[in-house]
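Starting from the known structure of chain A, fit chain B onto it as the hints suggest.
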Amino acid sequence: MFTWLTIVTALRILRRNRLRAGLTLLGIVIGVAAVIAMVSIGEGAKQAVQKQIASMGTNVILIWPSGTTVGGVRGAQGGAVTLTVGDALDLKKKIPFLTDTGWYTRGAMQIVNGSHNWNCSVYGTSPSYLTIRDWSYSSGGAFTQADLDSAARVAILGQTVVENLFDHGEEPVGAAIRINNVPFRVIGVFSPKGQSASGWDQDDVVFIPYSTAERKVLGTLFLGSVGAIAASAARSEDLEDAVEEIRAVMRVRHRLQREQPDDFTIRTQVDMGQVQEGTSETLTVMLMVIASVSLLVGGIGIMNILLVSVTERTREIGIRMAVGAKRVHIMMQFLIEAMTLGVVGGLIGVAFGILAARLTTIIAGWPTIISSDAVVIAFIFSVAVGLFFGLYPANKAARLNPIEALRYE
Amino acid sequence: MAVIVNPLIVCQDMWKVYRIGDVDVQALRGVSLTIERGEFVAIMGSSGSGKSTLMNILGCLDKPSRGHYRLNGADTGSLRSDQLAEIRNQQIGFVFQSFNLIPRTSALENAQLPLFYRGLPLKQQRALAAAALQRVGLRGREEHSPTQLSGGQQQRVAIARALVATPSLLLADEPTGNLDTQSSREIMDILSELNKDGMTVILVTHENDVAACAAREVVIKDGQIQSDHVTKARTHVAEA
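Taken in order, these protein sequences are the chains called A and B.
No gaps in the numbering here: position 111 of the first sequence is 110 in numbering that gives the first Met the number 0, and each next residue is one more.
No gaps in the numbering here: position 155 of the second sequence is 154 in numbering that gives the first Met the number 0, and each next residue is one more.
Extracted from the complex, chain A is given alone in its bound form (with noise of 0.2 angstroms):
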């Protein structure tokens, strides 16, 4: 019953001041709306790292030749070219998690179509490899095992390479085009699968047979010599497993003394997401600093606002006292006055948090998500931030004499 009244009482009194309790609430009303305008874009920026990581292909693990080591100097990653299609086949039967191998190798060359040219990065792969790394295609198709076995002269085109190459309006699946002027056919463009997560050009590629890479493009320095191998899993929990199997089979493969270490490297999916969805995190966590601390300004003006109206109010308190009201009485009456703000900020706030985190989405074209814990979060937080910053004006009108607070000029 009291509770009520004094609600009541406290919007009222919000009311008859409303200019002043409006500005007060702006205070709680960015706040809020900012932690959840933030958390949305922080959490879109999220997704879109996800999106990239998912890109490579669904639980997919690398494998890399390591540096040499001649001397005690230490040459650079993929210095040495140890790892050969030997080693992926071999893979693939020994390690039961793994569901397909792949391989490359890789060189820059010169392609041309008719009077345009360009270069870029040629892959010479087995077809296992575009299945592992989930391309997909706007046209044509992949190249096949026959394609491989016979070296066919086939290649697939990323869509940078088509833009470059072919005229608007012109069909690349079908065309010839020459790489290192060797004659090629098209087969297939691949859909853009846009900037990887370290940032170079995936759609930059042509993809190519392995075995027509070896032996007409780009050669290899000994027979069945790759530059990496792909090795996908059934599922991410088994990449970790996955990954000592690899370890075990491909030390045994390559005659590795115990104390020699690895001349490969293995990375997984989760290896290379982390260090991405890392910074993302630690953007999310900085934006909600940001936005906390525009939380707690806010609830400072919530105190402030409280501190003048006891001041303002002290007869009244004087009053209240005077008729029997106790201190908890009054205490309350200040705190629940606190607590609407924060409430009443709250809602507002989460609704501005949302309209903002739309208008980003539509304004800038950053990818957002808004976030129900954010929403719950920010709210509880603001009507706590009312409740923390009312105790003391609260506990001030509580305490105030009733003798004095009636003579309060």
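The set of hints was computed from the structure by calculation and includes no laboratory data.
Predicted, not measured: the structure shown is a model, and the values here were computed from it.
Where is the CB? At the ideal position from N, CA and C, for every residue including glycine.
For lysine to any residue, the following SDA-like pairs were computed, each having C-alpha atoms within a straight-line distance of at most 25 angstroms:
| id | chain 1 | residue 1 | chain 2 | residue 2 |
| --- | --- | --- | --- | --- |
| 1 | B | 122 | A | 12 |
| 2 | A | 395 | B | 78 |
| 3 | B | 62 | A | 400 |
| 4 | B | 122 | A | 4 |
| 5 | B | 122 | A | 14 |
| 6 | A | 395 | B | 104 |
| 7 | A | 395 | B | 17 |
| 8 | A | 395 | B | 20 |
| 9 | B | 122 | A | 328 |
| 10 | A | 395 | B | 79 |
| 11 | A | 395 | B | 62 |
| 12 | B | 122 | A | 327 |
| 13 | B | 122 | A | 10 |
| 14 | B | 62 | A | 328 |
| 15 | B | 122 | A | 2 |
| 16 | A | 395 | B | 81 |
| 17 | A | 395 | B | 118 |
| 18 | B | 62 | A | 326 |
| 19 | B | 220 | A | 402 |
| 20 | B | 122 | A | 9 |
| 21 | A | 395 | B | 101 |
| 22 | B | 62 | A | 399 |
| 23 | B | 62 | A | 314 |
| 24 | B | 220 | A | 403 |
| 25 | B | 62 | A | 406 |
| 26 | B | 62 | A | 408 |
| 27 | B | 62 | A | 403 |
| 28 | A | 395 | B | 85 |
| 29 | B | 220 | A | 406 |
| 30 | A | 395 | B | 55 |
| 31 | B | 62 | A | 330 |
Residues from chain B that face chain A, not an exhaustive set, calculated with beta carbons under 7 angstroms:
| id | residue |
| --- | --- |
| 32 | 87 |
| 33 | 93 |
| 34 | 112 |
Below, chain B without anything else, positioned relative to chain A:
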């Protein structure tokens, strides 16, 4: 047949000492006073005589530094501030010189205030407050805010607020101090009438003609009772 009832108010050798800076100010110096139920007492004295201090103690807004104050047999000296608040709520009605209504709040809601803190249902609060306003002649003004009322009317709202909780003691501190003669007379008439109906009324004033309404006159000077005499035959004796 005479029935012995214990008095409403018993003050025994009350002292009140304030400390202002390094100086002790003795506002009350051994006041002893007994007031029976149904009395109409005027406490008189010049400013600084200690009558306000006495009034605050009688109204349970303050406690004596030494001595005892018993209201309805309860010694207030040993009570906590919340217990004093409860006594004020249940047993005491205040009427102040400056009306002390809550601004921008209707007459009805002002009159309701003591019942609000008693936790009565809203309906009952409203009904009792409306009845109290009617008793002081403010029927039809329930929804007026203090600024829409004259001084006399405001004081009547204050009296209604004091009455609404059916207290055993009505304390009026210079109730006519801010009013013109006409309004003053009306207020005093209401107080006299309430007293006739059995309410114990204590009036603090420095105006002789206001004090003349009371049946007993207590004069305070320098924190002590200078004189205490009955000016009128008691018109009413409380019955047990």
